[in-house]
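Chains as they are written, first to last, in full-length UniProt numbering: chain W, 1 to 410; chain Z, 1 to 410; chain R, 1 to 410; chain L, 1 to 410.
Read the hints as simulated data drawn from the structure, not as lab findings.
Just to be clear, a hint being listed does not mean it is correct.
Chain copies aren't distinguished; within one or between two, either way the pair holds.
Calculated cross-link-like contacts (lysine-lysine; reagent style DSS-like; alpha-carbon spacing at most 30 Å) [claimed, not checked]:
hint: 1; residue 1: Lys257; residue 2: Lys349
hint: 2; residue 1: Lys158; residue 2: Lys408
hint: 3; residue 1: Lys407; residue 2: Lys363
hint: 4; residue 1: Lys349; residue 2: Lys250
hint: 5; residue 1: Lys231; residue 2: Lys257
hint: 6; residue 1: Lys243; residue 2: Lys5
hint: 7; residue 1: Lys22; residue 2: Lys143
hint: 8; residue 1: Lys22; residue 2: Lys257
hint: 9; residue 1: Lys5; residue 2: Lys58
hint: 10; residue 1: Lys6; residue 2: Lys257
These numbers come from a predicted model, not from an experiment.
There are 4 protein chains.
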Amino acid sequence: MSDVKKVVLAYSGGLDTSVILKWLQDTYQCEVVTFTADLGQGEELEPARAKALKFGIKPENIFIDDVREEFVRDFVFPMFRANTVYEGEYLLGTSIARPLIAKRLIEIANATGADAISHGATGKGNDQVRFELGAYALKPGVKVIAPWREWDLLSREKLLAYAESNGIPIEMKHRNGGSPYSMDANLLHISFEGRHLEDPAAEAEESMWRWTVSPEAAPDAAQYLDLEFEKGDLVAIDGVRMKAHELLAKLNELGGKHGIGRLDLVENRYVGMKSRGCYETPGGTILLRAHRAIESITLDREVAHLKDDLMPRYASLIYNGYWWSPERRALQALIDHTQSTVNGSVRLKLYKGNVIVVGRDSKSDSLFDPTIATFEDDAGAYDQKDAGGFIKLNALRMRIAANLQAKKGK
Amino acid sequence: MSDVKKVVLAYSGGLDTSVILKWLQDTYQCEVVTFTADLGQGEELEPARAKALKFGIKPENIFIDDVREEFVRDFVFPMFRANTVYEGEYLLGTSIARPLIAKRLIEIANATGADAISHGATGKGNDQVRFELGAYALKPGVKVIAPWREWDLLSREKLLAYAESNGIPIEMKHRNGGSPYSMDANLLHISFEGRHLEDPAAEAEESMWRWTVSPEAAPDAAQYLDLEFEKGDLVAIDGVRMKAHELLAKLNELGGKHGIGRLDLVENRYVGMKSRGCYETPGGTILLRAHRAIESITLDREVAHLKDDLMPRYASLIYNGYWWSPERRALQALIDHTQSTVNGSVRLKLYKGNVIVVGRDSKSDSLFDPTIATFEDDAGAYDQKDAGGFIKLNALRMRIAANLQAKKGK
Amino acid sequence: MSDVKKVVLAYSGGLDTSVILKWLQDTYQCEVVTFTADLGQGEELEPARAKALKFGIKPENIFIDDVREEFVRDFVFPMFRANTVYEGEYLLGTSIARPLIAKRLIEIANATGADAISHGATGKGNDQVRFELGAYALKPGVKVIAPWREWDLLSREKLLAYAESNGIPIEMKHRNGGSPYSMDANLLHISFEGRHLEDPAAEAEESMWRWTVSPEAAPDAAQYLDLEFEKGDLVAIDGVRMKAHELLAKLNELGGKHGIGRLDLVENRYVGMKSRGCYETPGGTILLRAHRAIESITLDREVAHLKDDLMPRYASLIYNGYWWSPERRALQALIDHTQSTVNGSVRLKLYKGNVIVVGRDSKSDSLFDPTIATFEDDAGAYDQKDAGGFIKLNALRMRIAANLQAKKGK
Amino acid sequence: MSDVKKVVLAYSGGLDTSVILKWLQDTYQCEVVTFTADLGQGEELEPARAKALKFGIKPENIFIDDVREEFVRDFVFPMFRANTVYEGEYLLGTSIARPLIAKRLIEIANATGADAISHGATGKGNDQVRFELGAYALKPGVKVIAPWREWDLLSREKLLAYAESNGIPIEMKHRNGGSPYSMDANLLHISFEGRHLEDPAAEAEESMWRWTVSPEAAPDAAQYLDLEFEKGDLVAIDGVRMKAHELLAKLNELGGKHGIGRLDLVENRYVGMKSRGCYETPGGTILLRAHRAIESITLDREVAHLKDDLMPRYASLIYNGYWWSPERRALQALIDHTQSTVNGSVRLKLYKGNVIVVGRDSKSDSLFDPTIATFEDDAGAYDQKDAGGFIKLNALRMRIAANLQAKKGK
């Protein structure tokens, strides 16, 4: 247990990862490097530095990075190119952040000469898998320390006792039990699991939700929105071009205001159990509808269907932690290839929880041809008689079979 | 063109199919049998009988059938077992009614000794394919007459002139242009295409929608709803068991009241063009969410994923008119096999366009095991250490590859 | 480690499982029940009884079962209905036997009141997974003892020393190192792994192969064969109806004689590594070709393609040990559904490693319609002009796209 | 029928296309451009020039191109990267040549200002679809003339009479009925359809086969062969680097000599009927086995499985004529992406119809790691205990379900 020399810890600065930090120092007698990421979760990160210093972490071993632009540009947007949804509903807000954290942990390990990484994910969840599959794929010899699978601090009481006896400050909320939920947040979503939600028949409490007002509390007036896409990625809102992470932040603001993006579901974890989760994904919910809409006029039918057929598999890969796998990259090659024509704009209406597509347009790449689709006279652009042959040949195999059945019936 | 002796016409009693009726009599000099189906479209059907009689159709050749229960029980519900959605959005309201009509046309042809069928679908749309593939699959030697692909009445003016000169009554609405939309309705949905909608960038007019109020006009108070499922099919609403078609009608009423189920999209037709359609599917929208929710606690993960992977293909089969094909039946065998455990109830909240799942429960078949999923101590039901091995073996192939890359990098 | 009361061991009577038997008695101080299956591996099983008695196993705890018919009828044949091949080549001979053994282990555990099962598969292979997934799926609370993952007898020397010191007879072949290969055999195949084969670039030695002569050594005269199928299953060879296991044994004999069914490949194990394996599957190789051939005239095109699309997934499920999973059962429902028309006969020619299909016929279910497929005049059975419309509509989406590209090019 | 000014004809110089040439001149009164391609079919092409001149074709309108290298490099090899096989058996020899011909027809049409193309494929087959889908995709406004769907020369007698009365020389073989088979040849294969083969139960005559000796007639001595691959493409045989088409020609020679690559099957045509075909694909049969073998050690498991899952769809696209479709290109992007590591060599043994893989090696990209796969002590490269956790977590969902079933059983 003691062959670790230096470990990079995914460190939030909160109670749990602070206990882990101390526990790593005690248990492994090793140097600890902390990595704290700004993924847009909306928390101050500098306090993490102060705390790390208190634990004796060397200043050069404290990494606090703003990865918001990288997160949205290189992870969230590529995923949305596939209209990715896990199990018909979940927008993968937590799943898509983990591979970025894994990558940074390994980059920092390489930069600091660390031989191990550590994280605060439990042994029952998906996040341990996502962190560790990423780490192993990027640095196959790395040692992974997953304290929740190793230590004996499995109850909250033991954890608090350990913190107290080691001088780790416990904020009042933790003493009082704090939030009843296990939460995770980044620019794409905030998630809630545990406690009250462990009965899948029980309705989530209104007070749980943080980023969105309830549809009831949303404005009584709808708001219209124009989203512009280039190569399948959002580039502008209402004509204003922004950086990727600014765009998503803006959509979150708008969606949150209009009560958009709440989700309450039971999902199947990779480790084999069902789990109830509630999610707020205001911006992502808007983005998904809009991306589908711009594809609807710019993507070939069979390409769109191919993407739809592959999407659940791609979603599972991300959910299960295989972002850095060769099969995810191969699928991404296909997905990205299809997006070159996905250019244009979508007009949406936001109202009390609804994202309503009201129009879509592409000056450069619309495959919608009104001269053909029209119910009016099309001046010969389409010969209706062709349809007879089309149907007859498509029916042929079934006619042959039915003929045979008829003969057998005699 | 004259080797047809008796033709069964899918007859709505409206102007278009009345013109077709007369045109068939004139052009083919054949006996016409009319079939008018009550699919829950919400129109009086008896006037169709009077009109048919006026055209000289023999009473025994006039078939007016209430097929609502068959429609929902044998077509809509089986389709919903697969959570079927075409191109991510469309609930297939028109597509799923066509195979039933095709089947009845053939049954009536067999009963009356007819050698042909006819319908009023145009040569540009999907419905001609759906009618005709069904007819050919069920009666391979049947002759199909598709007047819109044969005649020269392609403009509305010519059609009206033909009607006038043949004494076919033209209601005022037709003289004035009538509805600007091409519409289709049955218990699952009402659809709108054409005219104003042919510009995909233009917002649909509020006045177009018929079955649902706008979310804005929906009640300010949410309504809760309990849906009960047996073997994947809805059997009761708020504890009241009803027939299949009554259940869907009830959901339509509730959904319509709460502004639920409007859809505005551009879809890819089987005949090769993109087309803009607007749909109101209030009951179906509720049913889809609820069915997914009950599956979420009663269906095995891999079975659910298998269904998700196959769903787009199954949806395309229905959209393209292959309900009566052997491949649709094979997929149905799989889908139906999976539904034996899909028993339980779902609690929903309807509010201004939103269908919100707030709880799901299954006394008999819940695979949600709180003793395992809990964040609390699970008394050994799950050994967190197992996860380490699970991850290591899943990572092995990626580690071997990364080792090789590392060696090559040197 | 000692909470096991009674364990059912998959016992071959060989050295390894004899050591395991003794080790279980010593280590767990528990009662041992032995299960020895006749899967057609071609070994005497009664010696296993004598050996078990020597270890003090009670007579009523010794189970020696002839499961050949069940094996072929309920496992091999259902798998062949899907034309199942793993990674394009491997006929799954070992994989398909494991779920039957798992099932019998659990049945015997239930009958004898045992709380555990044990097997001799190593910690690196697929078989441990197949045994244990099956066991857990059928008896979720069962305890599994996998000695190779627990003990310290990992080298052959230690194993022999343990045997010697415990009075377990070591046959001369084991003293001399015995076969250099790790082997497994049943009615479907015999497999070879390890030692000489661990270099994937090295050719397997001719002396390794056991069931088949080399193509070079096979008869110079070809042999013709008629195979008859009912509902996708082989029922007769050259007009002689036999039991399922007799049919496969007969095909093995014929294939072996003609040098058919040798395979040398590198496969991907479920546990994450690549592994080189050599297989002899004489009967299965013949059966696969013949089944595809009878399907070629009796199965609808789209059904056949659906099966082809799903086959790799189904094959992976079996390879990975998920025979008893709900997703394998769901796929089987689809596969079995498709086989009702797979009736008829196939004529084959066997010659020096080749299985050549020379004819196929189905009196009852042939969809091959010579009046349509003919290059000669078909008397109007097929209207060639239909093809023009068929092509035009299938091309429409690509023409629209090309028109757009042309416009952009200007 | 007469709005065609100039038409490019796919012209073989044979009787049928000569009749078409004349018929086009007579019927459409248009200028004809001839295109004759050397695809390695093994026929003299210069006679086609003389014949075309006789019909009054202007010298600058006669195109005779050697496209062998382009054919193998840009069509055959990309297809083999996917291990492409249609319906489990057919190597797509005809299908893959058609898109190249379609492309050249359009290029020549563009170069010569032609507004139409024409070909000699019948209205019942797949080739008309392949030619025309390609043409429409590449030049959406092109007019396609398919004489076999238009004219009344459907019987051989009428065709010969037309030839005679128009001074088209009829070789003796045609007078005598010529080959009873409809044939097509190029560097990848030669195919046979029609006449004697129209009874799927009848064995093909030995005299039919042209490129391969029978296995019986093949040499009694086996021949070993080393194939070297780079990025998934064959680059050298026995150490000799050659151009793509030379490599395939060499494999054809070797395969033909050893009786390799004969195939007799019933396939499902895109136009809806089943059809019996016999094929000789000597080089392709060798290449397919070798490519799978080199992938077996250089491709990640999940990438290989993804390719296997998509292969049938990719094969159908090519078979059905969709080479130039956007969905084929999207799949190709994925396939090509995966081939970067497919480097190394495969050792084969050819003997009387058998292609036997005896070894595979990759200095740069082998993922076969003997230190892990070994049955011997691996010095800790793999911890067997990890497998326990791996299995337990993979079994978890099935255990939960089985627990529920057990409870229900009570």
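Quick check: which numbered hints come out false for this structure? 2, 6, 8, 10
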